[in-house]
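Respectively, the protein sequence lines represent chains U and X.
Take the first sequence: its position 288, counting from 1, is numbered 288 in the numbering used here, and each next residue is one higher.
Converting from the second sequence to the numbering used here requires adding 1000 to each position, the first position being numbered 1.
No lab work stands behind these hints: they were computed from the structure.
Do not rely on the hints blindly, as some may be mistaken.
Said to hold, decoys possible - Distance ranges between label pairs, derived from CB positions:
| hint | chain 1 | residue 1 | chain 2 | residue 2 | range |
| --- | --- | --- | --- | --- | --- |
| 1 | X | T1047 | U | Q64 | 16 to 26 Å |
| 2 | U | D318 | X | E1040 | 32 to 42 Å |
| 3 | U | Q64 | X | K1371 | 17 to 27 Å |
| 4 | U | S347 | X | M1275 | 51 to 61 Å |
| 5 | U | D318 | X | T1222 | 21 to 31 Å |
| 6 | X | T1047 | U | K41 | 34 to 44 Å |
| 7 | X | K1371 | U | E320 | 50 to 60 Å |
| 8 | X | E1300 | U | N261 | 53 to 63 Å |
| 9 | X | E1339 | U | S347 | 27 to 37 Å |
| 10 | X | Y1093 | U | K9 | 30 to 40 Å |
| 11 | U | K9 | X | N1046 | 38 to 48 Å |
| 12 | X | A1328 | U | E320 | 26 to 36 Å |
| 13 | X | G1114 | U | K396 | 51 to 61 Å |
| 14 | U | E274 | X | E1300 | 40 to 50 Å |
Said to hold, decoys possible - Beyond 12 Å from chain X on every Cβ pair, some chain U residues (computed):
| hint | residue |
| --- | --- |
| 15 | M1 |
| 16 | D94 |
| 17 | S187 |
| 18 | K237 |
| 19 | E254 |
| 20 | M361 |
| 21 | Y440 |
What the hints assert, rightly or not - Below 35 Å or equal to it, Euclidean Cα-Cα: the simulated DSBU-like pairs (lysine-lysine) are:
| hint | chain 1 | residue 1 | chain 2 | residue 2 |
| --- | --- | --- | --- | --- |
| 22 | X | K1062 | X | K1127 |
| 23 | X | K1062 | U | K442 |
| 24 | X | K1477 | U | K212 |
| 25 | X | K1349 | X | K1066 |
| 26 | X | K1397 | X | K1271 |
| 27 | X | K1066 | U | K360 |
| 28 | X | K1142 | U | K313 |
| 29 | X | K1349 | U | K366 |
| 30 | U | K357 | X | K1108 |
| 31 | U | K212 | X | K1219 |
| 32 | U | K212 | X | K1066 |
| 33 | U | K212 | X | K1091 |
| 34 | X | K1108 | U | K200 |
| 35 | U | K360 | X | K1065 |
| 36 | U | K366 | X | K1108 |
| 37 | X | K1014 | X | K1003 |
| 38 | U | K324 | X | K1003 |
| 39 | U | K371 | U | K15 |
| 40 | U | K282 | X | K1108 |
Even for Gly, the Cβ is constructed at its ideal location relative to N, Cα and C.
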Amino acid sequence: MTCQEKVKKYIQNIKAKPQLNAFLEIYEEEALQRAAQIDAKIAAGNAGKLAGFVIGLKDVICYQNHPLQASSKILNGFVSQFSATVTERLLAEDAIIIGRQNCDEFAMGSSNENSAFGIARNAADESRVPGGSSGGSAIAVQADLCDISLGSDTGGSVRQPAAFCGVVGLKPTYSRISRFGLIAYASSFDCIGIFGRNIKDVALVLEVIAGKDDQDSTVSSQPVPAYSQQLSVTSKKRIAYLKETIESEGLQPEILATVKNTIEQLKKDGHTVEQVDFPLLKYILPVYYILTTAEASSNLARYDGVRYGHRTKEDFEDLEEMYKKTRSEGFGSEVQRRIMLGTFVLSASYYDAYYTKAQKMRRLIKESTDKIFENYDFILLPTTPTTAFKIGEHQKDVLQMYLADLFTVQANVAGIPAISIPKGTDEQGLPIGIQLMAQYFKEDELLAFANYLM
Amino acid sequence: MSKLPSDNPEILNKYEIVVGLEVHAQLLTQSKAYSSDSTEYGNLPNTNISVITLAHPGTLPKVNKKVIEYAIKMGLACGSEITRHNIYARKNYFYPDLPKGYQITQDKTPICVGGEVIIRQKEGGEKKIAITRIHMEEDAGKSMHLAGETDSLIDFNRAGVPLIEIVSQPDIRNIDEAYNYLTEIRKLVRYLDICDGNMEEGSLRCDANISVRLKGETKLNTRVEVKNMNSFRNVQRAIEYEVKRQIDLIETGKQQEIIQETRTFDATVGKTYSMRTKESLNDYRYFPEPDLTPVVIDEEWLQKVKSSMPALPRELFLLFTEKYGLSAYDAEVLTASKEIALYFQELCKHTQNYKAAANWVTGEVKATLNKMTWHINQFPIKPATIVALMQIVESGKVSHSIASQSIFPLLLEQPEKTPLQIAEENNWLQESDSNLLEQIIEEVIKAYPEKVAEYKAGKKGIIGMFMGEVMKKTKGKADPKISNQLLTQKLEA
């Protein structure tokens, strides 16, 4: 199939199922033009590594001269004046960007229900959520709307929807990929992640977009291996699973069974699989919510109606009223809740009780995660406690919604790489995902082992 | 109007002033603190900007290493300890001229800790003002409210321009010390070439923390922070006013009305006013900046900065007073500006007559700079030429007055000539030939027999009249010393 044919097919698929609402916008003409150019390059034999890859971007990744609004009203009318480092690297290797994808507002959410552009639907069961926050990106790969999606994963926002939609979702090591051009939610957790239908595609995209970048001082200068060239497992591995995850109260029986079956399969193949204790699991969500909301409250302060985006159309007496009206109108309720929580935990009288304590606990979680990797190559765990839930099911109960991230946040708190891969379905035919975590910068081993497990 | 307690000098005298200053110095880097935007002053509004300065979504800060080096230099100049592991922090508050909604600064790990600034006292002697900390931060943009417009306009050219904040201990006890401290800070930043030190243009800004206490007390009372003073003189005026305000409150039993707050100084009326409590009670919610990795200053880097340090005003002051034997006053005048001090040092490479050299620089050279409003860089006469001029005075070829009043002005116009050339061309070389002089003196004495009689009768001062006549006859070229000797001899004979 030529690039042009492929782009046409994807555009057709997107248009055929508008109710999925995976894309906020498709760059139809532009993608077709580029496809023609790349077809010519392929014919001439000088095409880049990603020639023919049709890629969608979550609406938090900058693409020069294209709208960008983190699925939020507050960025109404905003057009990015520059491209993210990842976008530039994709384009330099001849990828085709097909459009921007729906997500929870400012990447805050686990169901894609917090989007100013409306809910998105899981293609496996349209009455269910795709997960979030990168819901649209997961659906796009699931429903054959593009080859690859780039999302962002702050607490599971790539892996959780990947599990719900039955696709591969990778969150690399924190600092593996430049964040320049990624709209910040919680800077010390945010990671650009990759959705794909197979490991090889994900590995290839990772090797293109990862690595040093002068625009982001926090990015690692570690060399980037050719991940896609080393996807076979040649030795027996040591794998840990966490007692607290499989004994977790709300864990859906079919998911538990899938994890157990996987463990048995691995043992049968000669790998060592052992249970380890991880008593800190119960602190992970509180630590995550304190630290990410603290950072978010500061990161989202720039959306003030002064320089760009939405400003209230109502009259205002003074500056403060302009801020209040603009931000109350522009931000949805979940974003407002997190800004308020973050402002609270950073306030002088509560700083030590919350922020400082959570920082200390984050270090402990990192250290004890690190300890596990002294003895094991991977940690195996479910990606989510349940399969995709019904649209609206958790809308009344925020805490229930937050629990959807219980198994994914550890990798973000610790900063380690993690991947969710599809492993069968539950009784209702909904996809189940299992998750592997590895030590810092061991994406090569992680991808190879995930490839073997799939 | 009834008299205030502070109008009574006796009451005023019971109290001690306690002041600490926070000085913001805008750094002279080419680019901004966290982006590559230009810092050039005076460009059209909103031209030194980029997506980073404007805090567009997805942008990240980038550390400018020059800012770190400049901050280290200031720390080394104050004898501070340099922090090796520097963590940046966010200071959060909403204001339209602050694009990100937070300022990137340093909180718990300021780059320089401790140190001191030595100031010279009015009555002579020195005093050490201890430095608490120096940290790096970034400036905000400028809001402009045009007359007749309801909308405010914002210029973001200044947003992100690097600053260092130098925080002193509350060691300042009177307004002269405040003035001298600021003078010393300004001198330091100018010597280090890290800030132009211009307070009127806002590149040096000062906030004062002010409290008072009864003399002899050791505990600190509630302090008030005063902002918005745009000259050294206004800092003094603000302290003066605020001190009296606080004393009056204490003396009238209203001490509890002195609260920890921020007040603004209005220079037109010379008073401080409370800023809205909302602003002064701001909780800045500091936390470590997650977008910047901590900057580690290793030994090699520190040594590199150390080796690039210029001579500091205090070192030069000590050199001038101790080695060159100049008075503290002369040394002070010479070191007030780095360029003048360096010019003087250059002179001293060619002569050991340091006092005369100092007189030339503090006299004719400085007077010319003032008159022409020149910077020393524009001063046309080379140090070596000044020394040559000094030498023809020393060897008696010309008098000092010819040198300073006639040759020096011509050298300004023809700096390529030597002083001797100019003296020769104008026939200004001094008559030191005693035969010729004797002849002229005898003529003069003969011409005024009655004056000679007066002299002999004891009116010794009349010798001045004879000198004048000698000078007239020699067109000023007579060596005054020799003429005086010869005249005295003849008159006494």
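Results for each hint:
1. X/T1047 to U/Q64: 16 to 26 Å: holds (21 Å)
2. U/D318 to X/E1040: 32 to 42 Å: With Cβ atoms ~34 Å apart, the hint holds.
3. U/Q64 to X/K1371: 17 to 27 Å: This hint is violated: roughly 57 Å between Cβ atoms.
4. U/S347 to X/M1275: 51 to 61 Å: violated (21 Å)
5. U/D318 to X/T1222: 21 to 31 Å: holds (30 Å)
6. X/T1047 to U/K41: 34 to 44 Å: Since X/T1047 and U/K41 have Cβ atoms about 39 Å apart, the given range 34 to 44 Å holds.
7. X/K1371 to U/E320: 50 to 60 Å: holds (53 Å)
8. X/E1300 to U/N261: 53 to 63 Å: The hinted range 53 to 63 Å holds for X/E1300 and U/N261, with Cβ atoms some 57 Å apart.
9. X/E1339 to U/S347: 27 to 37 Å: About 50 Å separates the Cβ atoms of X/E1339 and U/S347, which means 27 to 37 Å is violated.
10. X/Y1093 to U/K9: 30 to 40 Å: Because 51 Å falls outside the window, the suggested range is violated.
11. U/K9 to X/N1046: 38 to 48 Å: holds (46 Å)
12. X/A1328 to U/E320: 26 to 36 Å: violated (55 Å)
13. X/G1114 to U/K396: 51 to 61 Å: Cβ of X/G1114 to Cβ of U/K396: about 57 Å, so the range 51 to 61 Å holds.
14. U/E274 to X/E1300: 40 to 50 Å: holds (47 Å)
15. M1: At about 33 Å from chain X, U/M1 clears the 12 Å cut-off, so the statement holds.
16. D94: Its Cβ never comes within 12 Å of chain X, the nearest being 23 Å, so this holds.
17. S187: violated (4 Å)
18. K237: holds (32 Å)
19. E254: holds (38 Å)
20. M361: Holds: least Cβ distance 16 Å, greater than 12 Å.
21. Y440: holds (15 Å)
22. X/K1062 to X/K1127: violated (40 Å)
23. X/K1062 to U/K442: With Cα atoms ~27 Å apart, X/K1062 and U/K442 stay inside 35 Å; holds.
24. X/K1477 to U/K212: violated (78 Å)
25. X/K1349 to X/K1066: holds (33 Å)
26. X/K1397 to X/K1271: violated (60 Å)
27. X/K1066 to U/K360: holds (33 Å)
28. X/K1142 to U/K313: holds (25 Å)
29. X/K1349 to U/K366: Violated, at roughly 64 Å.
30. U/K357 to X/K1108: Answer holds: U/K357 to X/K1108 is near 17 Å, not above 35 Å.
31. U/K212 to X/K1219: At roughly 53 Å apart (the allowed maximum being 35 Å), X/K1219 and U/K212 break the hint.
32. U/K212 to X/K1066: holds (22 Å)
33. U/K212 to X/K1091: holds (28 Å)
34. X/K1108 to U/K200: Not OK: X/K1108 and U/K200 at ~46 Å, beyond 35 Å, violated.
35. U/K360 to X/K1065: holds (30 Å)
36. U/K366 to X/K1108: holds (23 Å)
37. X/K1014 to X/K1003: holds (17 Å)
38. U/K324 to X/K1003: Outside the cut-off at roughly 47 Å; violated.
39. U/K371 to U/K15: Judged against 35 Å, a Cα distance of about 49 Å means the pair is violated.
40. U/K282 to X/K1108: Satisfied, since the Cα-Cα distance of roughly 31 Å is no more than 35 Å.
Violated hints, in rising order: 3, 4, 9, 10, 12, 17, 22, 24, 26, 29, 31, 34, 38, 39; the structure is consistent with all others.
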